[in-house]
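Chemist: Model the full structure from these sequences, guided by the hints.
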Amino acid sequence: MENYLVAMAVFAGLYGLMALGLNVIWGMAGMINLGLVGFMAVGAYTSALLTVRHATWPMPLGILAAVIVTATAGALVARLTAKMKGDYLAIVTLGFSEVVRIIASNEIRFTNGTDGISAIPGPWRGQVAPATFNLIFLGITALAVLVVYLICQRIRHSPYGRVLRAIRDDDQVTAVAGKPVLRFKTEAFAVGAAITGFAGALYGHYNAYIAPEGFVPLITIYIVLALTAGGTGTNAGAVIGAALVVAFMEGTRFVVAEIPGLAAVQVAAVREFLIATLLIVLLRFRPQGLFPERHIRHRLPGAS
Amino acid sequence: MLSHVIEELPQLLVNGLVAGTILALPAIGFTAIYAVLRFPNFSIASHATMGAYAGYVANVWFGLPVIPSLLLAFIIPALSGVACDEVVMKPLRRTGPLTAAIAAVALTIALENVIRFFFGNDLRGYDLPVWRDWRIDLGFAFLRVGPQQVENAAISIAVMAAVFLFLAFTRTGKMMRAVADNPMLAGIKGINADTVARLGSFMGMGLVGVGGMLLGLDTSIDPLTGFRAVLSVFAAAVVGGLGSIPGAVVGAAVVGVGEELSILILDASYRTAVGFIAILVVLIFRPRGILGERAY
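Note that the protein sequences, when read in sequence, are chains A and B. The letter at position 173 of the first sequence is residue 173 when you use the numbering used here, and the numbering goes up by one with no holes. The letter at position 16 of the second sequence is residue 16 when you use the numbering used here, and the numbering goes up by one with no holes.
Just so you know, not all the hints are guaranteed correct.
To be verified - Once the Cα atoms are required to be at most 30 Å apart in a straight line, the calculated BS3-like pairs of lysine-lysine come out as:
# : chain 1 : residue 1 : chain 2 : residue 2
1 : B       : LYS174    : B       : LYS90
2 : B       : LYS189    : B       : LYS174
3 : A       : LYS179    : B       : LYS174
4 : A       : LYS83     : B       : LYS90
5 : A       : LYS85     : A       : LYS179
6 : B       : LYS189    : A       : LYS179
7 : B       : LYS90     : B       : LYS189
8 : B       : LYS174    : A       : LYS85
It should be emphasised that the hints constitute simulated quantities derived from the structure, not laboratory data.
Modeler: If you want it as structure tokens, here you go:
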């Protein structure tokens with residue numbers, strides 16, 4: 001039970017990281033990213049391939065490579081669609097995550113296909129008892145969340161973050177004010193993607209095993225749900241929201257299992273349904289989340 | 001190598017065109033909803049699956065032939081499309097098109113799991129008469145054509161023709177085009193945007209459902225049938241110009257043929273990735289699509 005709770009705390013931390021990443025993209029810069037799980041997968045695969053399958057780089061280097069690769073991928077995706085309406089970014093990011101899954105499943109020589117990559121090293125795994133490893137990794141995740149949280153707070157309260165919020169609220173006005181909107185958008189998206197890839201790399205090293213079927217669109221929903229529940233735009237909200245989402249997900253596991261006469265596939269279906277529905281309900285009735293972003297809003301003259 | 005390509009080419013072109021005609025229906029649905037409602041409704045994935053299953057229930061459980069089954073594959077997703085838009089999407093569209101897009105992804109996962117709850121994950125197939133493929137000798141190559149393929153393509157073309165006639169000649173069709181072209185002007189002219197939105201969802205999701213069943217006829221049915229095709233559908237819509245119905249038809253043909261021809265140089269499992277590459281190429285060189293972002 002203790003191990004289970006620690007594992008859930010690790011997952012809450014990883015989702016928290018990805019929600020922080022999404023907050024830079026969506027909460028601060030107002031850009032959509034429906035392919036978060038794709039960036040997570042790219043991060044996980046980059047680090048795993050470099051530390052176990054194709055090379056034996058030390059973990060920190062693998063994770064660093066994961067951050068660089070996902071940042072580049074994010075910058076490309078954002079740059080390509082930056083001049084278009086957000087709808088195109090939505091389509092391209094959603095497509096991106098699918099293509100990542102297709103490549104991971106089919107480049108068998110490179111990624112071992114649907115069998116996935118196993119024996120990914122973890123810090124001190126094998127040298128200490130599994131319970132101790134869990135605790136060590138929880139410490140690492142907590143540290144990662146703290147560092148990324150502080151960076152995101154720094155961005156949010158800096159003039160840079162102010163420009164991002166200005167772009168979110170009206171990119172034309174921001175452009176008129178002389179800000180290079182295209183560059184800001186690309187950078188914000190790259191930073192958010194890099195954080196997501198970082199979390200993905202950590203996930204691989206924690207889980208020791210990754211496979212394409214682990215990176216399904218539902219994970220993107222988890223992350224969006226975490227940020228929406230916590231409060232879009234606020235970094236603390238992203239982290240707390242992630243903890244709540246993991247608690248909710250695990251809670252449904254026990255509650256749905258109590259319903260008599262359901263097959264395993266039906267239990268899974270009910271849980272996924274509940275999670276997706278919760279996001280819709282939150283977007284509808286509490287879009288500001290539990291910890292709304294605080295800033296002064298002026299009513300536009302004549303607007304109803 | 002070259003002779004090998006020439007031998008394969010006619011077959012790939014035919015397969016591609018058939019795939020493209022089938023793909024055109026969900027692409028028209030997606031792009032029509034975009035034209036009227038101004039947001040990418042990603043719940044087309046589960047509505048295509050829903051169409052495939054509605055057709056399955058009619059065909060296998062009630063023993064109906066393909067054509068009447070297709071009717072059910074239109075009606076059920078069409079009604080669901082309207083209901084989902086009323087209950088889920090409409091209030092969110094006011095918050096912004098991107099919020100609606102996010103909610104649509106959640107919606108598609110929710111609906112997909114409703115289907116999974118009742119039907120499970122097993123692969124299913126329709127109850128079809130077994131036909132032998134026709135073999136046509138072209139002199140330099142043999143062409144194999146399945147009668148089911150031809151029937152699917154014919155159905156798809158017939159449905160498309162009906163859609164174009166509807167949009168071109170009926171009052172309701174003109175109303176929809178007016179809203180797609182300029183919602184404000186249409187409002188001034190007294191066209192009720194809500195009615196048109198409902199019609200758009202009804203027609204769009206219905207077409208997506210028919211497309212889903214045709215995809216199921218072509219391959220097999222499981223809760224991810226629609227989702228697997230979604231990348232090609234997006235590609236068809238973006239290549240043709242998001243919001244343009246003739247564009248979606250052209251885009252679907254381009255993507256369908258492109259996916260088949262890719263087999264010459266890429267592994268077959270990368271077919272769906274071709275759609276994504278098509279999106280990227282179009283966004284780089286011709287961001288408004290081949291026919292531009294104009295509805296009809």
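Chemist: Each of the hints needs a verdict: does it hold here or not?
Modeler: Against the structure, the hints come out as follows:
Between LYS174/B and LYS90/B the CA atoms are separated by roughly 23 Å; this keeps the pair inside 30 Å, and the hint holds. A distance of roughly 12 Å separates the Cα atoms of LYS189/B and LYS174/B; the hinted pair therefore holds under the 30 Å criterion. For the proposed pair LYS179/A and LYS174/B, the alpha carbon gap of about 43 Å is over 30 Å, so the pair is violated. Using a Cα cut-off of 30 Å, the hinted pair LYS83/A and LYS90/B holds, with the two alpha carbons roughly 27 Å apart.
Annotation: proposed proximity of LYS85/A to LYS179/A holds, straight-line Cα distance about 19 Å (limit 30 Å). Taking the CA atoms of LYS189/B and LYS179/A, the gap is about 40 Å. The hint is violated against a cut of 30 Å. In summary, the hint linking LYS90/B to LYS189/B is supported, as the alpha carbons are separated by about 22 Å, within the 30 Å threshold. Straight-line distance between C-alpha atoms of LYS174/B and LYS85/A comes to about 26 Å, which keeps the hinted pair within the 30 Å bound.
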